[in-house]
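**Student:** Based on the provided sequences and hints, a complete structural model is requested.
For reference, the chains in residue letters:
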Amino acid sequence: MTKVAFSGINMRFASTEVLKDINLDVREGEFVCILGPSGCGKSTLLNIVGGFVQPTSGEVTIDGERVTGPDPRRIFVFQERGVFPWLNVEENIGFGLFRLTDEEKRRRIAHYIQLVGLPGFEKAYPRELSGGMKQRLEVARALAVNPDVLYLDEPFGALDSITRLQMRRELLRIWQTEKKTILFVTHDIDESVQLADRVVVMSQRPATIRAIVDVDIPHPRDLSAPRYIKIRDRLFGEIGLAHQV
Amino acid sequence: MNRRILAPAATGLILLGFWWLAVEWSGTIIFPSPPDVARGLITLVERDVLGRYIRDSLYRVACGYGAAVLLGVPLGMLLGWYRQLGRAVNPVIQMLRPISPLAWMPLAVIWFGVTDIAPIFLIFLASLFPIVVAAMNGVRNVPPMYLQAGRNFGLSPAQMIRRVVFPAVLPRIFVGLRIAFGVAWIVLVAAEMIAVDSGLGYLIIDARNAGKRYDLVVGGMIVIGVIGLMLDTLFRVMQPRTEN
Numbered sequence: 001m002t003k004v005a006f007s008g009i010n011m012r013f014a015s016t017e018v019l020k021d022i023n024l025d026v027r028e029g030e031f032v033c034i035l036g037p038s039g040c041g042k043s044t045l046l047n048i049v050g051g052f053v054q055p056t057s058g059e060v061t062i063d064g065e066r067v068t069g070p071d072p073r074r075i076f077v078f079q080e081r082g083v084f085p086w087l088n089v090e091e092n093i094g095f096g097l098f099r100l101t102d103e104e105k106r107r108r109i110a111h112y113i114q115l116v117g118l119p120g121f122e123k124a125y126p127r128e129l130s131g132g133m134k135q136r137l138e139v140a141r142a143l144a145v146n147p148d149v150l151y152l153d154e155p156f157g158a159l160d161s162i163t164r165l166q167m168r169r170e171l172l173r174i175w176q177t178e179k180k181t182i183l184f185v186t187h188d189i190d191e192s193v194q195l196a197d198r199v200v201v202m203s204q205r206p207a208t209i210r211a212i213v214d215v216d217i218p219h220p221r222d223l224s225a226p227r228y229i230k231i232r233d234r235l236f237g238e239i240g241l242a243h244q245v
Numbered sequence: 246m247n248r249r250i251l252a253p254a255a256t257g258l259i260l261l262g263f264w265w266l267a268v269e270w271s272g273t274i275i276f277p278s279p280p281d282v283a284r285g286l287i288t289l290v291e292r293d294v295l296g297r298y299i300r301d302s303l304y305r306v307a308c309g310y311g312a313a314v315l316l317g318v319p320l321g322m323l324l325g326w327y328r329q330l331g332r333a334v335n336p337v338i339q340m341l342r343p344i345s346p347l348a349w350m351p352l353a354v355i356w357f358g359v360t361d362i363a364p365i366f367l368i369f370l371a372s373l374f375p376i377v378v379a380a381m382n383g384v385r386n387v388p389p390m391y392l393q394a395g396r397n398f399g400l401s402p403a404q405m406i407r408r409v410v411f412p413a414v415l416p417r418i419f420v421g422l423r424i425a426f427g428v429a430w431i432v433l434v435a436a437e438m439i440a441v442d443s444g445l446g447y448l449i450i451d452a453r454n455a456g457k458r459y460d461l462v463v464g465g466m467i468v469i470g471v472i473g474l475m476l477d478t479l480f481r482v483m484q485p486r487t488e489n
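For the record, the sequence lines run as chains A and B. Number 245 marks the last residue of the first sequence (my numbering); no jumps. Number 489 marks the last residue of the second sequence (my numbering); no jumps.
Mixed in with the good hints, there may be bad ones.
Here are some chain B residues pointing at chain A (derived, C-beta under 8 Å) [what the hints assert, rightly or not]:
| id | residue |
| --- | --- |
| 1 | Tyr304 |
| 2 | Ala307 |
| 3 | Asn386 |
| 4 | Met390 |
| 5 | Gln393 |
| 6 | Phe398 |
| 7 | Pro402 |
| 8 | Pro412 |
FYI, nobody ran anything at the bench for these hints, they're computed from the structure. In this text, all values refer to a predicted model and were calculated from it rather than measured experimentally. All C-beta atoms, glycine included, are put in the ideal place defined by N, C-alpha and C.
**Tutor:** Quick look at the structure:
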């Protein structure tokens, strides 16, 4: 069943054409990576579906309902700098839960602290956490309001490569437990093959969808399996790179 | 006793020593030595003058500076939040800001007479601008990500101000408050030399006029400095740490 539908999205800033005729259907519960070179407009696309930016023309619908602004049912996750430095871990996770009773709020905070592996850090402030922990905290803050869709904008870009791998595994585990629809923007080809059900490859500006590649490998994925390498090579080709340095 | 107190204390003692030696070697009879100053201050304490002057000075700062905080923080945040308004008002602020608050003295005396209100008004003016500017720039520089997250979680504008903007700018506002306090303390002493007949600034000008008591002049200077240091330390201790 279609969850998020982009139809005929065009975006221009002044005289710069950023996005050109983007059409894409994302199924409920699907993990979709939007892959493209830096500055191609993929973040703009995520900001449009997030309701923070209005497209020049075209529309996004979610569950058939047109997106007109940000909505707590769909939460945007930034790089780890998006957590609030003046709130501790518990308070950050509870940030969006102001409509709930104290009892329910406590229960959710405890649940998501557990889920993202931060027990023992309830009272810690972001400055006391590592980059990976801050990123998990932000994911927990997003999940706590029980959204149907998560938008992640290069969330692991600022992490070291080892932490990044761990975080991908964590995110997959959370995605499988929580059954969310995920739109994940990245410029990292390997990341997209490791995570996504489908990879949407964007071209240079003005960005169009160049290809949509199915990654039909069950999780956990073996990063040296021929199938994995084949899909990765195809993506290298779509991006326009021979994978040689 | 740790090094952070010991080392500055040693610096102070060495300077005190140089001062004393300089007075002895030069044989001056006008400039007081440290013991002269200490004796002068003790006399003031015994006559219950020093405590009263300190109280009066602190009271004036509390009123003028307090009013500046109460007005300046919301005003600055408003100017930062509504950019158009900020752009309209900012040049006026930047024009008024470099005028020494003491230049307002004649006007303050016309408006408020030779009363407590004149120096309080000057302190208010002196503290207002740094606070307004800090709050305004603080709000303008709140990372857009925080605002975006706030909107995403469905905060109303009032909640946004209270739960995101205010905590996000607090560290910057605090820096402004601390700078403003330093300026206020400087202006207070200068203002008390003209408009009133009590306070630490008055102590200095009065000691000179009423018989060239330079021991009290220097004593007054030291008291002003020490109180300034203590209050600034208080600010430093209270400063929030909220970097990510």
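**Student:** For every hint, state whether the structure bears it out.
**Tutor:** Here is what the structure says about each hint:
no. : hint   : in the structure
1   : Tyr304 : violated, 33 Å
2   : Ala307 : violated, 27 Å
3   : Asn386 : violated, 14 Å
4   : Met390 : holds, 5 Å
5   : Gln393 : holds, 6 Å
6   : Phe398 : holds, 4 Å
7   : Pro402 : violated, 13 Å
8   : Pro412 : holds, 4 Å
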